[in-house]
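Asker: Sequence:
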Amino acid sequence: MYKRSQNEPETYKCKLVDEEKDYIYIDYPVKMASGKTEFFFEGT
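In terms of this note's numbering, the sequence shown is residues 15 to 58.
Just so you know, these hints were derived from the structure itself, not from any lab.
Don't be surprised by glycine CBs; every beta carbon is placed ideally from N, CA and C.
The reader is advised that the hints may include incorrect statements.
[Unchecked claim] Quick list of simulated restraints, FRET-style, between CB atoms: (1) 35 x 55: 26 to 32 Å; (2) 41 x 21: 26 to 32 Å; (3) 31 x 56: 16 to 22 Å.
Could you put the whole structure together from the sequences, leaning on the hints where they help?
Answerer: Quick look at the structure:
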């Protein structure tokens with residue numbers, strides 16, 4: 015995702031919560047600049 019005023023991408027981090035044979039579970043992404051949780055909806 016890009017900010018409208020900049021050409022640099024926004025950066026996010028997330029943690030691996032659990033791992034199974036065919037699945038991995040991650041927590042919600044956190045925006046590096048603000049430290050706030052972000053939600054991404056399907057198709058975005």
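Asker: Compare the structure with each hint and give your call.
Answerer: We went through each hint and held it up to the structure:
1. 35 x 55: 26 to 32 Å: Taking Cβ atoms as reference, residue 35 and residue 55 lie about 28 Å apart, which means the hint holds.
2. 41 x 21: 26 to 32 Å: The hint (26 to 32 Å, Cβ to Cβ) holds, given that residue 41 and residue 21 are roughly 29 Å apart.
3. 31 x 56: 16 to 22 Å: For residue 56 against residue 31, whose Cβ atoms are near 20 Å apart, the range 16 to 22 Å holds.
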